[in-house]
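Trainee: Sequence:
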Amino acid sequence: MVGGGEGAYIGGIHRFAARLDNQYELVAGAFDINAARGHAFAAENFIAADRSYDDFTAMIAAESAREDGVDVIAICTPNFTHYPVARACLEAGIDVICEKPLTSTLEDAELLAEVVQRTGGFLGVTYTYAGYPLIAEARQRIAAGLIGQVRTLQVEYPLEWMATGVELKNNQQAAWRVDPKKNGRGGSVGDIGTHAYHLAGYVTGLKAESVMADLATFVEGRALDDNAHVLIRYEGGARGMLWSSQVAIGCSNSLRLRIFGETGSLMWAQEQPNELLFTPLEGNSQVIKRGRDDLAMLTRSRTRTPPGHPEGYIEAFSNLYSGFADALRARDVGQEPGQAGAAVPQIYDGLKGVAFVDAVVDSHEQGTVWMKPKYC
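Residue 61 in our numbering sits at position 6 of the sequence shown; the count goes up by one each step and never skips.
Just so you know, not all the hints are guaranteed correct.
[Said to hold, decoys possible] DSSO-like, lysine-lysine: derived pairs with alpha carbons at most 30 Å apart:
(1) 237 <-> 224
(2) 344 <-> 237
(3) 262 <-> 429
(4) 429 <-> 236
(5) 224 <-> 236
(6) 224 <-> 344
(7) 236 <-> 344
(8) 224 <-> 427
The hints are simulated quantities; they were obtained by calculation from the structure and are not laboratory data.
Construct all of the structure, not just a fragment, from the sequences and the given hints.
Mentor: What follows is the structure, encoded as structure tokens:
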């Protein structure tokens, strides 16, 4: 692991997720930009002293030379560091699991995609919400034609945690997110809008044709947006709306997806993740609950606890980790991955996410006009 040390929320989530299905062992790390603090964290987490490193370059050099070196490195650092760390890993023959967005610039994302293609390495991107069981079920139902051709969709991801200038109060998680040099061109749209954008495309299979955006910065002094409204035109004629906000008071983690087709609709909310609302055109609404025996195979494979017991965010994250493991093992023996490995976000998903941010910011800066993402 690179980053993810003391006080880093997402590092803990990665470690929990990796352990949950017993497919990974954390054996090495460069956990902190402060080497002494990183070594202390490694010791607390039972990492051998000779596999706790001052920085990622030292770790990659040492681990790639070991007979028992690491198979994959998880990148849990701010956006602007993703490209150099991921590239160094791939060039050394080490696979990567990377936080989103893939990089802070489209140019870096394109260069990284070239490295993946040239080296044959694997790069998985942790678009967490694709790992929920009932998201898999919604995807399967749309692919099976159960709501007909998709006509319109709404996806939103509002949060409240940056409704005031928390970055000015020694909140390091907020500080880098409002810095264009570290976060990239998009504020809320890069941080959480990319999650919403990926989820909509993942579930429906639709590709964006063009976007039109209105960005706003409500907290004085910020250089990046903290609220975004985006209209999306999809190939085939479907229309979409995306809202991301870091200043929506009363919203803790309110990711929601609603999809309307010719013959039915599907609705899902991250804060009630174990239920999917399915409504056929001529019939009664049905609440599809996780744990039923008649759900799709991928849905059932992503379910761990019995019906009626809550299952959620860390488990969804772990489903991605298990899918990454399936994809890596299949590649190493020259086989196609199973359903779990085929369904995880990889390099091109990350590239699309960065291209979306670029198109959204371009649209806003050019007067809220339609822009075509370079990759969709």
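Trainee: Each hint needs a verdict: does it hold in this structure or not?
Mentor: To see whether the hints hold, each was checked on the structure:
The hinted pair formed by residue 237 and residue 224 meets the criterion: a straight-line CA distance of about 18 Å does not exceed 30 Å. Between residue 344 and residue 237 the alpha-carbon distance is near 40 Å, which puts this suggested pair outside the 30 Å criterion. For a cut-off of 30 Å, the pair hint linking residue 262 to residue 429 stands: about 12 Å separates their Cα positions. Simply put, residue 429 and residue 236 have alpha-carbon atoms about 22 Å apart, close enough for the 30 Å limit, and the pair holds.
Among the hinted pairs, residue 224 with residue 236 is consistent with the structure: their alpha-carbon atoms are about 20 Å apart, no more than 30 Å. In summary, the hint linking residue 224 to residue 344 is not supported, as the alpha carbons are separated by about 42 Å, beyond the 30 Å threshold. For the suggested pair residue 236 and residue 344, the alpha carbons sit about 43 Å apart, so the restraint of at most 30 Å is broken. Distance check on the hinted pair: residue 224 and residue 427 sit about 38 Å apart at the alpha-carbon level, beyond 30 Å; violated.
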